[in-house]
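Just need the whole structure built from these sequences, with the hints factored in.
Sequence order for the protein chains is E and S. So the mapping is simple: the numbering used here equals the position in the first sequence, first residue as 1, plus 38. So the mapping is simple: the numbering used here equals the position in the second sequence, first residue as 1, plus 24.
Just so you know, these hints were derived from the structure itself, not from any lab. Among the hints, erroneous ones may be present.
Mimicking DSBU-like on lysine-lysine, the simulated pairs with C-alpha atoms at most 30 Å apart in a straight line are [claimed, not checked]: (1) E:Lys109 to S:Lys59; (2) E:Lys246 to S:Lys611; (3) E:Lys211 to S:Lys665; (4) S:Lys43 to E:Lys178; (5) E:Lys109 to S:Lys271; (6) E:Lys106 to S:Lys59; (7) E:Lys150 to S:Lys421; (8) S:Lys39 to E:Lys178; (9) S:Lys137 to S:Lys83; (10) E:Lys246 to S:Lys608; (11) S:Lys302 to S:Lys421; (12) S:Lys625 to E:Lys246; (13) S:Lys608 to S:Lys726; (14) S:Lys59 to E:Lys150; (15) S:Lys611 to E:Lys255; (16) E:Lys178 to S:Lys386; (17) E:Lys211 to S:Lys608; (18) E:Lys178 to S:Lys59; (19) E:Lys178 to S:Lys562; (20) S:Lys43 to E:Lys246; (21) S:Lys39 to S:Lys608; (22) E:Lys255 to S:Lys625.
For clarity, every value in this text was computed on a predicted model and none was experimentally measured.
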Amino acid sequence: MSWKKDKVRKPAKPNEALTRRDFLQGAGVAVSGGLLVGREPAIAASPDEKAKVLGPEAVPITLRINGKAQKLTLEPRVTLLDALRNHLDMTGAKKMCDRGTCGACTVILDGKAVYACSVLAIAAQGKEILTIEGLAAGGKLHPVMTAFVEHDAHQCGFCTPGFVMASKAFLDKNPNPLQQDVEEGLGGNLCRCGVYVGVRQAALDAAKARLGEKGGKAHGKV
Amino acid sequence: MAKCKYDWPEAGQRKLIGKRISRVTGPAMASGQAKYSYDINRPGMLYARLLACPYAHAKIKSIDTSEAEKLPGVKTVRIIQRVGTEIQWAGDEIVAVVAEREEIAEDALRRIKVEYEKLPHIVHEEDLSQVGDRAKPAAEQRTGDPDAAFKDPDAVISEGYYGLPVIIHCTPETHGGVAEWVDAENLRVWISTQNVSGLPPQIAETLGTPVTNIQALCEYMGGGFGSKFSPDRWGIEMARLAKDVGKPVKLMLQREHDSMVAGARPSYFAKIRVAAKKDGTLTGWESDTWGTGGPGGATLPPIPYVLNVPNQIKRHTSVATNVGPARAWRAPGHPQACYLTMTALDDLAAKLNMDPIEFLMKNLALAKPREQIYRQELQKAAELAEWTKNWHPRGDKSPGPIKRGLGVSIHTWGGGGHNSLCNVAIHPDGSVEITLGSQDLGTGTRTVIAITAAETFGLPVEAVTVNIGDSKYPPSGGSGGSTTVGGVSGSTRRGCVDALEQLFAAVAPGLGVPAEQLEAADGRIQVKGDAAKSLTWKQACAKLGVKSVQVQGKNPGPCQLGSSGVGGVQIADVSVDTETGIVKINKMVAVQDCGLIIDLKTAENQCYGAITMGIGYSLFEEKIMDQVTGRMLNPNLDSYKLAGIGDIGEIVVHMMTGPGYDDRGVIGLGEPPVIAPGAAISNAVANAIGVRVPTLPLTPAKVLAALAKGGIA
Ligand code: FES
Ligand code: FES
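Below you can see the structure in the form of structure tokens.
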């Protein structure tokens with residue numbers, strides 16, 4: 039962990055998004071034992087709307103993933119990550135911590151990197167969801183992916199899709215980062231194998247390549 | 025020296041071996057296409073969850089699963105441990121539930137009622153006086169004449185307390201997998217494992233199913249670090265559950281549970297005395313060590329480490345606790361032995377007013393047979409860390425609260441190749457396949473196999489298809505102890521050389537020369553010394569007609585393709601904020617040998633990763649147990665702290681290659697670089713602040729506590 043990073047490593051919380059932790063994770067799950075938390079209704083509240091109670095039964099929802107509408111029937115408590123992995127067989131986003139800490143589940147929601155394990159699927163309706171599958175559409179590697187391959191920014195690769203998505207969102211907002219910016223911007227992702235050296239170089243390199251295409255001048259490694 | 029037929033090509037001839045080559049699995053990983061056991065979704069698949077015991081030591085009095093069974097969507101409830109069983113650690117599995125969806129399975133767990141009789145537990149071992157009869161002292165070990173060594177009036181003696189707590193494996197992909205009965209007799213499992221070929225025999229024995237009816241698959245796996253060799257109870261249970269419900273079942277441990285039960289590295293604490301002559305020559309070692317690896321305790325680690333100090337007394341006490349079972353953690357015993365030894369020696373060097381590198385150099389005769397390797401590596405590491413410029417005697421006297429320090433440590437490991445069989449196929453269409461029951465943990469197994477085959481055939485790496493991760497393939501050893509690269513490169517090389525001979529035999533008549541005069545290079549089969557007489561690889565393979573060349577490769581086998589035994593030196597350069605106690609890594613230098621390197625890029629990455637993990641266990645990691653409840657307090661990643669991208673500073677890796685290194689053949693690399701960071705970083709902190717912080721992790725609180733007792737000076 040990084041002291042500085044704690045400031046940036048927050049679970050993404052788009053205004054209206056309901057985080058799974060609000061409902062499920064507060065007191066720990068089965069291993070803590072003896073806790074009777076039933077299936078609680080989820081409340082999709084927005085400031086100017088009256089509270090609308092949904093569930094606990096499955097409800098029809100529509101998600102816009104990688105430009106395509108996907109219709110699902112899900113209990114409101116299902117996270118976006120579980121919806122992707124268990125209901126759509128989109129397993130690029132990984133589950134490592136399941137509580138907004140590691141970033142292995144990172145997807146891009148309306149241009150912003152979020153932890154898919156900490157966003158309820160119903161709360162992701164009406165937003166553009168980009169997953170790693172969408173970023174590699176047509177079997178062509180995205181330049182960020184190419185940079186990861188080139189700099190060997192993976193070992194087991196379990197954290198890699200999350201890092202790629204986080205890097206893509208970060209570089210979209212910070213086209214010309216310094217190494218220190220990369221360390222802050224990607225501080226919300228963890229790798230147990232320890233491939234940060236490669237990730238750091240890959241992110242800087244991807245930025246450089248893109249700036250080069252546009253005729254800009256990159257900071258490079260500082 | 026006469027060449028042996030399978031020998032690695034000479035340095036000048038190598039087109040691929042030893043170069044920096046991107047791993048062949050990179051595109052699949054970076055694009056999210058790689059399928060891990062956790063990602064396997066089978067038609068009709070159901071989800072299992074496990075109910076874990078909340079107590080560290082208890083007897084099961086009753087289990088009532090009736091309410092869980094009534095829940096719609098629940099398919100089966102299975103009692104794993106019966107009433108009357110004595111549970112030895114919190115998190116041990118009691119009941120399994122299978123349901124249509126994960127959420128329902130979790131609901132069902134909450135409806136199960138288990139009554140326990142709580143029994144006394146011990147989860148803290150650092151204070152030996154508090155563990156009662158859990159302490160099991162071993163017989164004292166003595167060599168030489170330690171009494172004389174310590175009584176010598178001219179001896180300089182340093183005495184200290186050192187230790188490292190239990191840490192966990194924390195594999196990114198938790199333990200578990202998917203089980204599917206293909207029919208009534210045949211079982212297929214996808215398990216996140218380091219041991220594809222070794223799983224079916226273990227499963228067969230427990231289930232009483234013939235081993236030939238079991239297939240274990242693991243195409244990609246999310247880290248093991250020593251914790252994934254067995255199917256484990258959950259692997260067996262998922263097979264039973266799948267049979268009960270007649271559907272595929274996915275059973276992955278949840279993070280919190282995984283942290284409690286699925287892998288811990290034993291702790292060690294020690295009171296150590298070391299003696300040396302005034303010139304720094306080591307003369308005596310005395311240690312009292314204790315530690316725990318859960319109910320099994322912990323055996324004496326290999327101390328004194330690397331340097332075989334003359335005249336030793338060693339007393340060790342194994343402490344059986346309820347912290348959860350230990351598993352092999354990368355280089356079992358070595359990171360701990362290295363930490364205990366190299367910190368004690370560093371304190372002695374400080375007492376002698378000696379530069380620790382000079383002190384190590386002085387005693388390298390005790391590091392036989394790798395004296396020369398360490399000497400060269402210490403020199404190289406000192407150069408890369410700018411030791412002469414940046415090192416100072418203990419206590420950074422510069423003004424201001426931030427103190428900088430340098431520390432050094434050395435390590436060793438074996439890493440000889442394991443047994444491996446592979447099938448090498450050259451097909452008439454020119455395609456090449458290497459097939460073996462190995463696995464890729466992220467160490468680059470596939471890449472190493474592809475490079476070895478491509479080098480032998482004179483082909484590009486992309487021309488080789490590597491099939492691994494299936495127990496139906498020729499068996500290869502488990503991936504532990506840095507044995508995989510040596511094993512699979514040996515079997516692949518031998519198989520490919522033999523396969524190539526057969527291809528030569530098929531094309532020799534057409535080229536009008538004996539087969540022995542042919543060679544494979546640059547995508548062609550050509551006459552040695554007359555490249556004009558040649559066929560492209562594809563044309564040559566077409567001569568095979570309709571029959572592929574199929575050859576088996578073996579390790580071990582004829583010719584020396586690998587060996588065992590490496591050194592390695594690391595230097596840490598840190599800054600310590602004496603007001604907050606925060607330790608920051610400025611730079612880590614690793615100089616490492618591992619014989620003939622097949623892929624320099626993945627080898628360097630292995631070192632970057634190991635050092636990063638080392639920074640993690642030096643500064644942040646600890647399995648924190650609560651003596652009141654007996655539970656782990658930090659089983660989730662928000663509180664079990666791993667190193668992040670902002671914590672690593674600059675990492676400089678230098679791999680030793682060339683004469684004296686390459687000629688040792690291939691040696692594994694997974695363990696060695698993870699051993700030394702603890703001592704190097706602790707020594708750097710002591711060098712910065714002038715006082716030893718005795719135990720890892722070097723948290724701000726511990727740094728401030730050490731400073732309160734003294735320091736800088
Ligand atoms: S799995 Fe979502 S942040 Fe870790
Ligand atoms: S590469 Fe294994 S967790 Fe990052």
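Hint by hint, here is what the structure shows:
Among the hinted pairs, E:Lys109 with S:Lys59 is consistent with the structure: their alpha-carbon atoms are about 24 Å apart, no more than 30 Å. Taken as a hint, the E:Lys246 and S:Lys611 pair is honoured in the structure, with Cα atoms around 25 Å apart against an allowance of 30 Å. With a C-alpha separation of about 28 Å, the suggested pairing of E:Lys211 with S:Lys665 holds against the 30 Å cut-off. A threshold of 30 Å between alpha carbons decides the hint, and for S:Lys43 with E:Lys178 the separation of about 26 Å falls inside it, so the pair holds.
Our distance criterion of 30 Å between C-alpha atoms is met by E:Lys109 and S:Lys271, whose separation comes to about 26 Å. With a CA separation close to 23 Å, the supplied pair E:Lys106 and S:Lys59 stays within the 30 Å bound. A hinted pair counts as satisfied when its Cα atoms are at most 30 Å apart, and E:Lys150 with S:Lys421 does not qualify at roughly 47 Å. Note on S:Lys39 and E:Lys178: the hinted pairing holds, with a Cα-Cα distance of about 28 Å set against a maximum of 30 Å.
Annotation: proposed proximity of S:Lys137 to S:Lys83 holds, straight-line Cα distance about 14 Å (limit 30 Å). At roughly 28 Å between alpha-carbon atoms, E:Lys246 and S:Lys608 fall within 30 Å of each other, so this suggested pair holds. With a C-alpha separation of about 25 Å, the suggested pairing of S:Lys302 with S:Lys421 holds against the 30 Å cut-off. As the CA atoms of S:Lys625 and E:Lys246 are separated by approximately 21 Å, the hinted pair is consistent with the 30 Å bound.
For the hint linking S:Lys608 to S:Lys726, the alpha-carbon distance of about 14 Å falls within 30 Å, and the restraint holds. Between the alpha carbons of S:Lys59 and E:Lys150 the distance comes to roughly 26 Å, so the proposed pair stays at or under 30 Å and holds. For the hint linking S:Lys611 to E:Lys255, the alpha-carbon distance of about 28 Å falls within 30 Å, and the restraint holds. Distance check on the hinted pair: E:Lys178 and S:Lys386 sit about 57 Å apart at the alpha-carbon level, beyond 30 Å; violated.
Simply put, E:Lys211 and S:Lys608 have alpha-carbon atoms about 28 Å apart, close enough for the 30 Å limit, and the pair holds. Between the alpha carbons of E:Lys178 and S:Lys59 the distance comes to roughly 18 Å, so the proposed pair stays at or under 30 Å and holds. At roughly 28 Å between alpha-carbon atoms, E:Lys178 and S:Lys562 fall within 30 Å of each other, so this suggested pair holds. This hinted pair checks out: S:Lys43 and E:Lys246 have alpha carbons roughly 25 Å apart, not beyond 30 Å.
At most 30 Å may separate the alpha-carbon atoms for a hinted pair to count; S:Lys39 and S:Lys608 exceed this at roughly 41 Å. Taking the CA atoms of E:Lys255 and S:Lys625, the gap is about 28 Å. The hint holds against a cut of 30 Å.
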